[in-house]
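The whole structure should be built from the sequences, with the hints applied where relevant.
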Amino acid sequence: MGFPSVLARAPYSWVVAAFWLFWGAQPAQATCTTIDMRSSGGSMEGTMPMAQGSHGICYAYAGAGMADAWQRNQLSRPRTADALAALRPTSPAALAASTRAYARRSGATRTCSVGPGAACGWDDGLNGGNIEDTINFLRQPEPNGRACDHRQVFGVSEISYEYSRWEEDPTFASADPDPFLPPFMRRVRTTHARSGLGVGGTFSTGFASSASSSETDLYIPGRDSQYLTVLNEAWDEYQRRLREPLADATAIARAMSTRLEACLLEANVPDSLIPGDTVDGTNAVLRDIFSGTRTGTRVDFLARYFQNACQGQTFRISPTMPIPVVTDYRVSTGRHNETTMLNEIHTALERRNGMPVAISFCATALRNPSGVTLASTAIPGGHTGTAGGTSDGGTTQCQEASGGVATTPVEADGSDHVTLLIGRKQVGTRCMLLMRNSWGVSCERYLPDAGFECDEATGDFWVDESVLARVTYETIRMP
Amino acid sequence: MRPHFAATLLMLLFSPSARASDLVVAAADWRPRVYQILDGRDPFLFSRSAHAIVSAGCRRPDGSFACDAVRVLSRVRADKIKSVPGGADPGALVCLQQVQGTVVTGRPALLGAKGSRAANLPGGEASFCVLPDKSLVSTGSLDFHAHRNSRPR
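Protein sequences appear in the order of chains A and B.
First residue of the first sequence? That's 1 in the numbering used here, and the numbers climb one at a time after it.
First residue of the second sequence? That's 1 in the numbering used here, and the numbers climb one at a time after it.
Just so you know, the hints here were simulated from the structure itself, not pulled from any lab data.
Here the structure is a predicted model, which is why all the values come from computation and not from measurement.
Backbone N, C-alpha and C define an ideal beta-carbon position, used for all residues, glycine too.
Errors might be hidden in some of the hints.
[Claimed, not checked] To spell it out: a stretch of chain B is covered by chain A in this simulated footprint if at least three of its residues, at any positions, have a beta carbon under 8 Å from a beta carbon of chain A; those stretches are:
| no. | region |
| --- | --- |
| 1 | 51-64 |
| 2 | 83-89 |
| 3 | 99-105 |
| 4 | 131-140 |
[To be verified] From the derived model, a few chain B residues whose C-beta atoms are all more than 12 Å from chain A:
| no. | residue |
| --- | --- |
| 5 | Arg19 |
| 6 | Val25 |
| 7 | Ala26 |
| 8 | Ala28 |
| 9 | Tyr35 |
| 10 | Arg71 |
| 11 | Arg75 |
| 12 | His145 |
Listed below in structure tokens is the structure:
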């Protein structure tokens with residue numbers, strides 16, 4: 001029996017057909033059930049959004065995020081709050097340094113470039129790199145493969161937390177009445193402090209068990225995010241001094257040790273987290289870091305510094321963590337297929353114990369979705385590609401778009417970026433992907449009118465999958 | 001937000017000639033927000049419509065704003081940033097390269113007015129730019145306004 005004759009015999013079948021045509025024309029709706037890896041049991045549960053500041057190590061932030069998600073998925077289920085709290089967050093900065101130093105020791109060549117024909121070696125620091133390299137480093141057997149606790153790098157020597165509770169006070173009259181509370185309720189706050197390594201995230205003080213109280217969160221004071229800058233500047237000065245005539249390498253290393261310690265303190269790095277102590281004008285540990293890398297490179301210096309800074313605070317992530325699958329969707333290689341890309345992303349998100357999916361994309365689209373497009377040929381002279389990686393030899397995949405004509409490489413604003421996708425949801429007819437960026441909790445940078453929906457508590461935001469697919473040129477996911 | 005304020009803001013937001021400082025002054029949705037930076041709690045003002053988080057001290061009793069944190073919003077430009085490979089926060093680059101600032105990282109403390117639902121949510125890291133007059137502006141604000149100022153007029 002043919003399709004039309006079915007309709008003729010059963011008029012209500014027109015309704016069925018209309019529904020079939022309507023829903024069938026929107027396949028996204030069928031595949032966009034809500035997924036949020038931050039929710040209970042998810043691989044990003046309790047993870048903390050971070051801010052990379054002015055440092056070009058987005059790849060390490062994404063790699064650390066993936067590794068931390070992998071740690072969570074390895075916990076036996078049901079997971080307990082204690083088990084989650086015991087997991088240590090991976091330091092992106094230390095991971096970037098360790099990965100780069102390991103690659104150098106392994107004989108890898110560095111082909112990155114910051115301009116046409118510019119020489120690029122192991123002395124240009126940590127900017128630009130690949131997620132898969134960081135994951136591969138963490139899989140290496142001892143003595144490699146150790147992650148550093150983020151709190152040891154970004155920590156404080158003294159923490160404070162605020163405990164607050166609501167209590168009834170009939171005599172209390174607020175000058176600024178709160179619409180959510182009866183007028184006789186007031187908040188009583190007590191601030192506590194203790195010394196020791198910062199703990200990060202929410203800290204339980206034990207007060208919450210009191211029936212009439214609610215507990216606030218613990219916030220670790222921030223510090224100058226120029227930590228890496230201070231280290232880089234110290235390395236530059238060390239090398240400059242070594243080139244001076246009649247340079248005494250031993251004396252210079254000794255002088256640099258106290259100078260670096262002073263600069264780190266000035267950058268608000270807590271004394272307790274700086275390797276070694278200055279005794280008689282010398283910090284022996286820092287002096288040895290300088291001396292030990294005198295003939296090395298900046299990468300060696302940074303890796304050795306973090307190795308010392310993280311002493312006693314390193315940990316192994318499961319060596320069974322697989323090497324990520326990297327898929328090329330560049331326009332310049334003829335592999336840009338948005339349907340295939342989105343299918344791959346959704347399939348990865350839908351998996352049981354789903355892991356985040358990293359994407360390399362043109363981040364300009366986050367502020368100006370129509371102002372950027374993928375380049376038809378890799379453009380030399382822009383950012384290094386692959387999220388600032390090493391494989392493109394100093395090219396960008398992103399170029400400005402205006403009236404359909406695109407000729408200028410996007411250099412100015414952190415395009416060629418990599419972030420994690422950690423969920424999805426349906427909004428109307430659109431499928432929105434949940435992105436965790438590494439630019440901190442800052443919804444103010446996005447334009448809601450451009451279709452972004454930002455979570456002000458975390459800075460994570462939902463973005464239309466079609467907007468992302470257009471400017472994404474690589475996916476990195478667990479197999 | 002009152003209707004006439006909303007209309008003014010919408011007009012300013014999409015008006016290519018409107019300066020960021022106009023946007024800041026016109027915004028009627030400034031709310032208190034506290035971040036923990038270095039060893040202290042820093043009070044800020046946040047406006048969703050002005051796309052800005054600035055030091056609370058920027059606002060005078062008469063409602064006007066006077067500090068570097070607000071002034072720089074009008075002159076930062078995304079097309080003048082010297083790029084760094086590896087997806088650095090554009091706002092942090094603007095801070096270092098265009099306004100002689102220092103980037104510090106903090107954490108959201110208690111958000112907003114007491115009793116608000118967001119007050120006790122756990123927060124992550126957030127970056128701020130410390131200007132020469134010691135006022136602070138979020139790198140997200142610098143990022144947004146740098147892009148807005150770079151759009152063709």
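Status of each hint after checking the structure:
1. Here's how the region 51-64 of chain B fares: 3 of its residues keep a CB closer than 8 Å to some CB of chain A, so the rule of at least three is met and the hint holds.
2. Evaluation of the coverage hint for the region 83-89 of chain B: fulfilled, as 7 residues show C-beta separations to chain A shorter than 8 Å, against a requirement of three.
3. As drawn, the region 99-105 of chain B meets chain A at 4 residues by the rule of a beta-carbon pair under 8 Å; at three or more, the given contact holds.
4. Coverage of the region 131-140 of chain B by chain A holds in this model, with 3 residues showing a Cβ closer than 8 Å to a Cβ of that chain against a need of three.
5. Residue-level check passed: B/Arg19 sits 17 Å from the nearest beta carbon of chain A, beyond 12 Å.
6. Against chain A, the non-interface label of B/Val25 holds: every CB pair exceeds 12 Å, the least being about 17 Å.
7. Against the 12 Å criterion, B/Ala26 stays outside the reach of chain A, whose nearest CB is about 16 Å from its own CB.
8. In this structure B/Ala28 is separated from chain A by more than 12 Å, as the shortest Cβ-Cβ distance comes to about 16 Å.
9. Residue placement check: B/Tyr35 does not keep its beta carbon more than 12 Å from all beta carbons of chain A (closest about 8 Å).
10. Distance check on B/Arg71: its Cβ is at least 17 Å (rounded) from any Cβ of chain A, clearing the 12 Å threshold; non-interface status holds.
11. B/Arg75, annotated as away from the interface, keeps every beta carbon of chain A farther than 12 Å; the closest lies near 15 Å.
12. Its closest Cβ contact with chain A, about 9 Å, brings B/His145 to no more than 12 Å, contrary to its assignment away from the interface.
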